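Student: From just these sequences and the hints, can you work out the full model?
Under UniProt numbering, the residues of the sequence shown are numbered 1 to 375, in order.
It is worth saying that the hints were derived from the structure and are not from the lab.
Small disclaimer: the values here were computed from a predicted structure and weren't measured.
We put the CB at the ideal spot given by N, CA and C, even for glycine.
One or more hints might be untrue.
Pairs of lysine-lysine, BS3-like flavour, derived with a Cα cap of 27 Å [what the hints assert, rightly or not]: (1) Lys58 to Lys101; (2) Lys221 to Lys178; (3) Lys178 to Lys2; (4) Lys298 to Lys95.
Label pairs and their in silico Cβ distance ranges [unchecked claim]: (5) Lys25 to Leu113: 24 to 32 Å; (6) Asn4 to Ala232: 45 to 53 Å; (7) Glu325 to Thr358: 17 to 25 Å; (8) Arg369 to Ser173: 26 to 34 Å; (9) Lys316 to Lys37: 25 to 33 Å; (10) Ala232 to Pro265: 23 to 31 Å; (11) Glu171 to Ser360: 33 to 41 Å; (12) Met188 to Glu325: 15 to 23 Å.
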Amino acid sequence: MKTNADVIIIGGGIIGCSTAYYLAKKGRTVIVLEKGKGIGYGGSGRNGGGVRQSGRDKRELPLAMYGVQHLWPHLSEELGTDVEYYQQGNLRLGKTDEHLKILRGLTDVAQSLGLNVRMVTGEEVREICPYLSDEVIGASWCQSDGHANPLLTTSAFYTRARQLGVTFLFEQSVLSIKTVAGRAKKVMTTSGEYEADRILLAAGYESRAIANTVGVDVPMKRIALDTLVTDAQPPMFYQMLGTAMADFYGHQTTHGSFVFGGGSPLDADRIKVLASHPPATATAETCKGILGYIPALKHAKVVRTWVGLIDLCEDKVPVLDHVEEVPGLILACGFSGHGFGIAPSVGTVLSEMACDETPSIDISELNYRRFADRG
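Tutor: Printed below as a string of structure tokens:
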């Protein structure tokens, strides 16, 4: 079994898989260590598939915009798999003046950074999507936003990375990172010891405990959100929908079913395994919120529910950075539920960082040092 590489990636989600792919394209040898029995065991296989730029924090917006402009449009062709990417726009909906105030604030920030997004009236909303409630009085509208299939996308990155020579090792519970002569050099797991010139930590919430083994702490917590899938419905719309208050988000899939994620965090400590289903009360509350915006779905049946666990960073944006105190260690965690849509861009910049190249996307405000003055 291979134990040495140029780069070791801890975590086999879409961040780890995309980074492995882009590194392999650069000719680097890569080992990916994954705790689960397969890829996408965490959030990568349990999210709603949004590929959005609107509604993002300005610090991560450059990643989202780069991906939509340069990566997502041809990703299916590049990876040799239809990832079901639809670029039909994103409506973030509002029912009150307070909702519209929130949406205008987000829109103003995004416009200042060059994103083509605008506010629309309730009448314009229903011209774009006639199935929405008359209670919607306005929305933000970003026509270049969209959605894709998380499972297919993660699997496509994994497959191409393997074809390019990346080694994926499963059921690898990481115990610690070890330094040699002051540099992060080794990863200790329950199965053995692995060594590389660069160690990239992309293990979701578990990244915090792993980073702690070399004295590094990323302030984040684990939260759980519910997700549901309906039975197949007649074709209605392919826009991605969300709300000002994050009641829910979702879209209709190619197959006719709707995928919706809930907006109210559940008690993550009660989620024993990732196969857990959300409490029926949580699903009912999410459905109530959805019907308040999309009454046309009142006869749709929920056929499956699941729980997604999120590594919520203290300031709700990820950490993508070299760790100065531990040379050789690169952090890629704390994505706060926003990681899927920016994953191709993140994989691009992480591969550049691991090769000591200047990132082609501005990630300067996603640095680890921003927590230095934390009390």
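Student: Which numbered conditions among the earlier hints are violated in the structure presented, ordered from lowest to highest?
Tutor: The structure breaks none of the hints.
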